[in-house]
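Q: The chain contents come next:
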Amino acid sequence: MSLDLRPLPVPDALTRPYWDAAKMHRLDLPRCDSCGRWHFYPRSVCPFCGSSSLRWVSVSGRGRIYSMTSVHRAPSPAFAVNVPYVVAIIALEEGPHLMSAVIDCDSRDVKIDMRVRASFLEVGDTVLPVFRPDPG
Amino acid sequence: MQPAVICGIGQSKVGRVPDRSTLQLQSDAVQAALSDAGLALSDVDGLFTTPVRVEHWQAPAAILANHLGVRPRHLSTVDLAGASGCAMVQQAVAAVAAGRCTTALCVAGQNLLTHNSRAQAVKSMAESGSAHPQFEVPYGPVVPSLYALVAQRHMHQYGTTSEQMAEVAVAIRGHAALNPEAHKRDPISIADVMNSRMISSPLHILDCAIVSDGAAALIVTTRDRARDLRSKPVRLLGSGIGMRHSHIGEAADPTTTGAVDSGRAAFEEAGLAPADVDVAEIYDCFSITVLIELEDLGFCRKGEGGPFVMDGRIRLGGDLPITTHGGLMSAGHPGVGGGLFHVLEAVRQVRGEAGDRQVSGAEVALAHGNGGVMSVHCTLLLGQETFS
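So the protein lines, in turn, are chains A and B.
Counted from 1, the first sequence has number 64 at position 64 by this note's numbering; the numbering is strictly sequential.
Counted from 1, the second sequence has number 73 at position 73 by this note's numbering; the numbering is strictly sequential.
I should point out that these hints are in silico values taken from the structure, not numbers from a laboratory.
Some clues are possibly wrong.
Stated by the list, open to error - Which stretches of chain B does chain A cover? Using the computed rule of at least three CB atoms under 8 angstroms from a CB of chain A, they are: (1) 137 to 145; (2) 188 to 200; (3) 366 to 380.
Even for Gly, the Cβ is constructed at its ideal location relative to N, Cα and C.
Let's have the full structure, built from the sequences with the hints guiding it.
A: Printed below as a string of structure tokens:
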């Protein structure tokens with residue numbers, strides 16, 4: 001098993017619920033009690049209606065590839081071993097977007113609008129949400 | 001209120017300059033601008049600069065003022081990432097007009113190329129905030145990946161092609177060939193761009209800005225003061241700021257940007273339209289950046305940036321020459337403040353001092369800066385000052 005030396009997220013008070021849920025293999029996003037919309041990345045107030053009544057709610061994990069790129073030149077030696085690898089923007093079915101990796105799929109087969117489903121990658125003590133193709 | 005004008009511009013050597021530190025490069029640019037204006041350091045009572053990402057500085061404006069030996073009554077360090085160059089000039093004009101100072105220096109640059117190894121520069125740029133430290137960095141994007149994600153989406157939504165993006169790089173390199181101060185001047189072809197090393201699909205190395213050492217400086221003073229000075233004064237006809245997202249992973253619609261808002265505000269203030277622009281010094285960190293800015297600033301319709309740049313339209317001699325000094329892609333990219341060079345070139349064009357790059361009869365020049373990942377935008381419209 002190779003050592004994964006990538007930079008890991010350092011949670012703060014605003015983002016800790018996301019990373020704690022990921023450790024439980026759940027994808028939780030902030031949702032507004034007032035207008036019902038989800039948003040991401042986490043904010044202090046709902047970016048749609050301005051309410052502070054926000055709570056973390058689990059999403060389905062289903063989405064589509066909104067955009068993707070195949071990285072050929074890694075930012076650091078930690079990532080170089082995996083080149084070329086995909087970095088994608090996922091459009092969750094609940095609305096928000098997020099950046100992620102796409103696993104269980106050759107980088108040449110990752111296409112915009114492809115259906116994907118959340119999965120979880122353990123890296124040391126951290127769990128990173130990732131996505132894999134969803135046959136539907 | 002005292003109308004303010006741009007009265008001096010200057011730059012250091014740009015390219016690989018290992019024998020000048022960041023402060024020395026900035027000082028070289030200041031001396032060149034003062035000489036251009038016919039002013040001395042003792043005339044300067046305001047100073048604007050940007051952060052310097054290769055150093056750990058606190059209050060960069062104070063550090064630079066101290067290094068130059070000036071004691072300004074107005075100081076500001078502007079950080080709108082790549083939009084800082086344009087934004088500094090907007091703020092300096094406002095400060096002089098408001099009477100906060102009489103003669104303001106705007107200075108930006110660093111030795112981005114020779115301060116670190118290239119590998120260290122790539123790594124530190126990837127971890128410097130363009131990618132969200134928690135939600136994006138762990139997935140391994142390089143800075144070009146963040147723009148590549150925008151490019152792929154633009155290609156998907158509008159049919160933009162790699163050839164169209166490559167034309168941007170070719171046109172801008174062709175302009176750098178006419179600029180004796182440019183870092184890279186050898187002509188390139190569309191095939192050269194498309195065959196160059198892939199960094200993050202669809203962006204090849206030649207779709208990306210270069211990395212350079214260098215600094216630029218610009219001086220703003222009152223209209224009255226400028227009457228007696230050496231250079232033709234240039235007026236800020238209009239300006240605007242726009243921001244629609246910060247990090248790219250969360251942006252709902254990354255292919256339409258705050259440039260729509262910054263452009264609209266600038267044109268409204270100036271009482272002008274895109275058709276009035278004779279030359280557009282557009283921020284060119286990547287080829288796709290230029291295509292989207294041309295759309296969002298209103299030079300063509302949304303999604304038509306690709307066809308718009310073909311057939312020589314954006315080259316000198318075409319309908320809308322862009323980035324005539326060779327931009328970040330070829331003239332030089334010393335980091336955060338690189339966009340100040342676009343303002344310098346806009347000033348030269350309006351003055352009629354752009355030499356082989358001069359757009360004949362240019363009266364209105366646009367300069368645009370983009371910060372983050374198409375995140376924050378500043379648009380300036382410059383024209384001749386007339387003392388009537």
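Q: Take the hints in turn and mark each one as holding or not.
A: Now the hints, each set against the structure:
For a cut-off of 8 angstroms, the count of residues in the segment 137 to 145 of chain B with a CB near a CB of chain A stands at 8, and the three-residue condition holds. Look at the segment 188 to 200 of chain B against chain A: 4 of its residues bring a Cβ nearer than 8 angstroms to a Cβ of that chain, three or more, so the hint holds. Only when three residues or more bring their CB closer than 8 angstroms to a CB of chain A does the claim for the segment 366 to 380 of chain B stand; here the count is 0, and the claim is violated.
Violated hints amount to a single one, hint 3; each of the other numbered hints is respected by the structure.
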